[in-house]
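Student: Spelled out, the chains give:
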Amino acid sequence: MYLYLPVALTSINILIPVGLGLAVGLLSGLFGVGGGFLMTPLLIMFGIPSTVAAATDSNQIVAASTSGTYAHWKVGNVDFKMGFHLLIGGFVGGLFGVQGIKILRAMGNADFVIKMAYVLMLGIAGAYMFVESLQSMNKNKVEDAKPEKESGVARLLKSLPLQTHYEKSGVTHSALIPIVFGGFVGVLAAVMGVGGGFLMVPVMVYILRMPMHVVVGTSLFQILFNCIEVTFLQAYTNHNVDFVLAVLLLLGSTIGAQVGAVFGRKLKGGQLKIILAVIVLVVTVKIIFELTLTPSLLLSQAGGH
Amino acid sequence: MKKFKIQNSKFKIVVFLSLCCTVALLLYCSSSLAELTINANHDHITIDFFYHGSTVSVSGISNQDVDLIVKITSPEGHQVMKEKGKAAGFLWMNVGTLNLEHVPNFYALHSTKKIEDILNKDEMEKYVIGYPALEKHVGMSPVANESDKTKWFEEFVKFKEDSKLYAMSSGKISFSHEGGKSKYYILTQWPYQAPPGEYLVTVYSVKDKHIIEKAETRVVVKQVGIIKMLSGMAANNGAMYGIISIIIALGAGFGVGMVFRKGGGAH
Chain Y
4 MYLYLPVALT
14 SINILIPVGL
24 GLAVGLLSGL
34 FGVGGGFLMT
44 PLLIMFGIPS
54 TVAAATDSNQ
64 IVAASTSGTY
74 AHWKVGNVDF
84 KMGFHLLIGG
94 FVGGLFGVQG
104 IKILRAMGNA
114 DFVIKMAYVL
124 MLGIAGAYMF
134 VESLQSMNKN
144 KVEDAKPEKE
154 SGVARLLKSL
164 PLQTHYEKSG
174 VTHSALIPIV
184 FGGFVGVLAA
194 VMGVGGGFLM
204 VPVMVYILRM
214 PMHVVVGTSL
224 FQILFNCIEV
234 TFLQAYTNHN
244 VDFVLAVLLL
254 LGSTIGAQVG
264 AVFGRKLKGG
274 QLKIILAVIV
284 LVVTVKIIFE
294 LTLTPSLLLS
304 QAGGH
Chain G
376 MKKFKIQNSK
386 FKIVVFLSLC
396 CTVALLLYCS
406 SSLAELTINA
416 NHDHITIDFF
426 YHGSTVSVSG
436 ISNQDVDLIV
446 KITSPEGHQV
456 MKEKGKAAGF
466 LWMNVGTLNL
476 EHVPNFYALH
486 STKKIEDILN
496 KDEMEKYVIG
506 YPALEKHVGM
516 SPVANESDKT
526 KWFEEFVKFK
536 EDSKLYAMSS
546 GKISFSHEGG
556 KSKYYILTQW
566 PYQAPPGEYL
576 VTVYSVKDKH
586 IIEKAETRVV
596 VKQVGIIKML
606 SGMAANNGAM
616 YGIISIIIAL
626 GAGFGVGMVF
636 RKGGGAH
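Protein chains in written order, with the working numbering: chain Y, 4 to 308; chain G, 376 to 642.
Simulated from the structure, these hints should not be mistaken for laboratory data. Heads up, some of the hints might be wrong.
With the Cβ distance kept under 10 Å, some of the chain G side facing chain Y (calculated, not the full set) [stated by the list, open to error]:
(1) 465
(2) 568
(3) 571
(4) 575
(5) 615
(6) 635
For glycine and all other residues, C-beta sits at the position ideal for the given N, C-alpha and C.
Excised from the complex, chain Y in its bound form:
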């Protein structure tokens, strides 16, 4: 059955968005990512204009991450305090990022810099997670001894003011650390035009030292707020949110997120990390292919109306 999309101005078989929603929602509930790095290119492939695809996806993520956060919260896997601190940083970082894009555009060649930054970030985050989780899976027992030897960096972090205990995560950090790193991810996400879940997850795992299952729930919680903001701005300034498409996507993604959350509890943290790493690496390789193979169409619709 086909439905007409009033903002995308195109018609789509409803099985496509519902199916895509289900698949990406599943990943969202499992790994705590928004999945925009998968969803947006897939929607474009099915004939949705690129600007509408990105804006509508953020609306859909609001639903998927609400569903996912709710499922993780029920089993106590959302660290609200950590989430708030990351959000403060992310919000401020986003403001800087938007200014950063303006500067890049003024210098020219912005698309090249942004695309390269995106590929590099995906590649580095994916490769680091992959290698690290492989190593820690190989020597599971050695890991227990790890926290005892503290590096100089760790001692420096401990000496910062505003030391706060994050109960759900079972870690103590200066509140400045999540704010600063949240801000860093916020800047990059705004510049690259993505949600940044694939960067936030490694930051929480490796820098904030949070347990993987709490990472997933907390990441979804802060993605939820980011996407509410983005959806509103897109609808208000660019008029690019397609409500019908968003509803079709969220039909699948809200259910997918629940299934993902349940399924995730059955996997170990290391297993979750390595699967996410593989997905991120596959997307990286796909983008590299797209960049190097001659495209069939050399023109595309410019953004905005």
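Go by the hints and put chain G onto chain Y.
Tutor: Just chain G now, with coordinates in the frame of chain Y:
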């Protein structure tokens, strides 16, 4: 009759003059020619919730020994495209923008035979019939030279054909003969990608490589019901539209979460 000149930038005047010219021709030749008529059945296409494109049949009466060209176009306007090119020598990405002027968003041609075989070049350009004529008519920037313009215009046509907004066909117009006159008929697929608006359908009657008559009608594509309400709200009341979209997404997320709890998902 030959006092008008083709001016690319003043297409409307050309259209008007060619209309006058046709009328004059019609009056002049009325003794020897049958009147050309055109009819588009399904001329009010409504886009509702389940719209997946439509069909438009174009029919009418023509002389027996002529060829016909049916042209369907949207009003001309300005379009901006992103150009892909090689950055740093080997990476394909958007490297620039292409501006097109006097370009229709929709352009479909259906003819009895191949256009190059039945119409001479001057006539094609005068009436903007065929891609080469359209290329000449359209203003493009930035292009370095003629061959650069041709290259990017071909890419533009490729892009438009890919989204079904430009189309060409020959030999699909059928005839039935009655007395000294012919009834012509063609059924065209109306693509769902064509946005709402008013479309001009013109039939040209061609003899000895010249256009001797033309007739016009219109097809109106309109949004109705929920689709009209939603697209209107998205465009005119973005803040409210955004808030409603967010509330529905939040509600759906919580709703599904509750259902899963009741369904015994949490254990």
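Student: Look at each hint and say if it fits the structure.
Tutor: Evaluation of the provided hints:
Here the hint on residue 465 of chain G is kept, as its CB sits about 6 Å from the closest CB of chain Y, short of 10 Å. Given hint, residue 568 of chain G at the interface with chain Y, holds; its Cβ is 6 Å from that chain's nearest Cβ, closer than 10 Å. With 10 Å as the threshold, the beta carbon of residue 571 of chain G comes within range of chain Y, its nearest partner Cβ sitting at about 8 Å, so the hint holds. The restraint placing residue 575 of chain G at the interface with chain Y is violated, with a minimum CB-CB distance near 20 Å, outside the 10 Å limit.
Interface hint status for residue 615 of chain G: upheld, as the beta-carbon distance to the closest one in chain Y is roughly 9 Å, under 10 Å. Interface hint at residue 635 of chain G: satisfied, since its Cβ lies 4 Å from the closest Cβ of chain Y, which is below the 10 Å cut-off.
The structure fails to meet hint 4 from the earlier list, while all remaining hints are met.
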